[in-house]
Amino acid sequence: MADDDPIAPSELEYVLLHFPDCLPSSASPLWVHEIDEGQEAEGDKLQGILSHAWEELLYTNPAKAFVVAARYGGPESNRYERAIEQLAPEDVSEIFGAQWRNIPGEHYQMIIIEMEQRGYYEEVLDFVIGHGRRERESFELTVDEFIQESPAEAFAYISQHREKIFAYIEKYQENLNKNMAICRVITRLKECLNGTEQEAAEILKAYERIDELHDDRGESDLKDILTEDALRAFPLRAELYQLCLERNDSFYWDIGRAMLCDDTMGEFPDEARVLAYEAGEEELLEQIEGGSLVPAYQSLVREAKEITRLVSRQYGIDLPKRVEVGGPTGSYASIKTRSAGSPNATEGKGNTPQEETANNGPGA
Amino acid sequence: MALELRVEQKLKLNQRLEQRLEQKQQLQLKLAQTLPEFAEGINFEDDDNLPLLQRSFPFMMYHEVSHPLHSKGIVTIPSPPPLPEGYHLIDGKPIPRTYLHHATEVGIDRSAYLVGTRNGLYTAETLVESYAAFVERVVRDTFETRRIPLEHPFVARLQAELEVHTEGANPSAEVVPVLDELNRRLSFPTPKDKEAYRFMVRAYRDIYQGTALSK
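Taken in order, these protein sequences are the chains called A and B.
Counting from -1, one number per residue, gives the positions in the first sequence under our numbering.
Counting from 8, one number per residue, gives the positions in the second sequence under our numbering.
You may find that some hints are simply not true.
Said to hold, decoys possible - Think about it this way: if two alpha-carbon atoms lie no more than 20 Å apart in a straight line, the pair counts; the simulated SDA-like pairs of lysine to any residue are:
#, chain 1, residue 1, chain 2, residue 2
1, B, 222, A, 313
2, A, 303, B, 62
3, A, 303, B, 208
4, B, 79, A, 312
5, A, 43, A, 59
6, A, 303, B, 52
To be verified - Examples of chain B residues lying across from chain A (beta carbon under 10 Å, computed):
#, residue
7, 64
8, 73
9, 127
10, 131
11, 186
Treat the hints as calculated values from the structure; they're not laboratory data.
A virtual CB, placed ideally from N, CA and C, is assigned to each residue, including glycine.
Using the sequences and the accompanying hints, generate a full structural model.
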């Protein structure tokens, strides 16, 4: 190899990935050994070029760098560890896909376990199911850990791929119930309903994920979990209610009903008020108002109406009969009448509407 | 999914939960604004101190309905005396325009008291208490939160009215602590400033006592 004739990067990559199997393992492209006497310098040079090529590959294509490290260094090697740290989910998919044939069979199980431990559950399951791998322990373990670690993600994945999982279990895992994955993840979500706040947040996340995926069956399963009784005890039901409102999901009504029970209504008087208002539940509305700010404002509005009514009658003048909450900052209060063509004309001060802001109220 | 991605997702979820909590806190006012009975007509500002808002409310309402009574000639308000030469600035700020504006407002305040005590919805005592609560809000917003700027004619108007209510045959005990608090907060850079202020207080007292209802 002459100095002025550098090897193209693509050729180096080819050498790294397709080193002839007929050569002894000690002659691997990454660890050059057993160099003929007098050729040590050439051997060192080759070693340097190949090492450099791998380092570049690590940053340009971590999946290929991982495969080379696994093939020539094995799972114990430093390069294997370095490569695995660089992997993104799409790299893992590539390893389990196009690169899998370049990995020696003796490392398969180890790599699957390694990826699963690093949280690449979806990629591992895609691979196990897609390749029809028969190791029951591995499949069951991955499913269970996925469900335990990320219940919402596991629920979204299992629900979305339920037919594929059913078919896989029926064909390759005869001793397992085909519903095992969906049943187990539903059980876990039920635990989350009454778990820690972090676990409860998984329910919200599951709702969001299923909604993003437009997974009707998943939505139906989730709503079966969130029964009225379960919702009453669910600590983040107000947040779930908000999510449903944002998405215009009629499910908010069920959640709202759970808030309207006697035990919890006091915690969400305003949400409950909206529901009661929408439902036209007058009696309930009055009951709820005890714990809300709104009735205080309503009381002031009634007071204002009463004052304007009495003063109008007493002095025979037309004063506004309708009132609202909220006013321009710093005004404390202001009065307006409504007349044809001038909806906001200010009465009694001789101001134009433009001047009104500057002269509003007793404090201005 | 990579560990770091999951951590990132959890952080995002926490952020969203915080946002939702804020939304919940804003919900109460939103509700108030969207309910059908809260329609155009009279505005009043909400206040963190709801009891203070409730106490000051009757006075504020009567003050506001007094404006149309004044424009229809039912309330007559004496004209203020002109500001003497040398009294046109307090703390370096010109006062003539606001002096004239509050001269009318003093009369409107008096009208609020007179109209309110006539129609029998509140007792005179309740209305004076309501007025004291209103002054309490102004003092808080001017001197503590500084939400509204200090305007000496406005403060002079309040001082004049409070002073009137502490004198006479039936002095109102409720206004004394409010007046004391107002005096405690006030300070003047020069004796001339204080003289100008006292001139306004005297003028406003006369207007307050001279305001009358024709019906």
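Hint by hint, here is what the structure shows:
no. : hint           : in the structure
1   : B:222 to A:313 : holds, 7 Å
2   : A:303 to B:62  : holds, 16 Å
3   : A:303 to B:208 : violated, 34 Å
4   : B:79 to A:312  : holds, 14 Å
5   : A:43 to A:59   : violated, 24 Å
6   : A:303 to B:52  : holds, 16 Å
7   : 64             : holds, 5 Å
8   : 73             : holds, 8 Å
9   : 127            : holds, 8 Å
10  : 131            : violated, 16 Å
11  : 186            : violated, 18 Å
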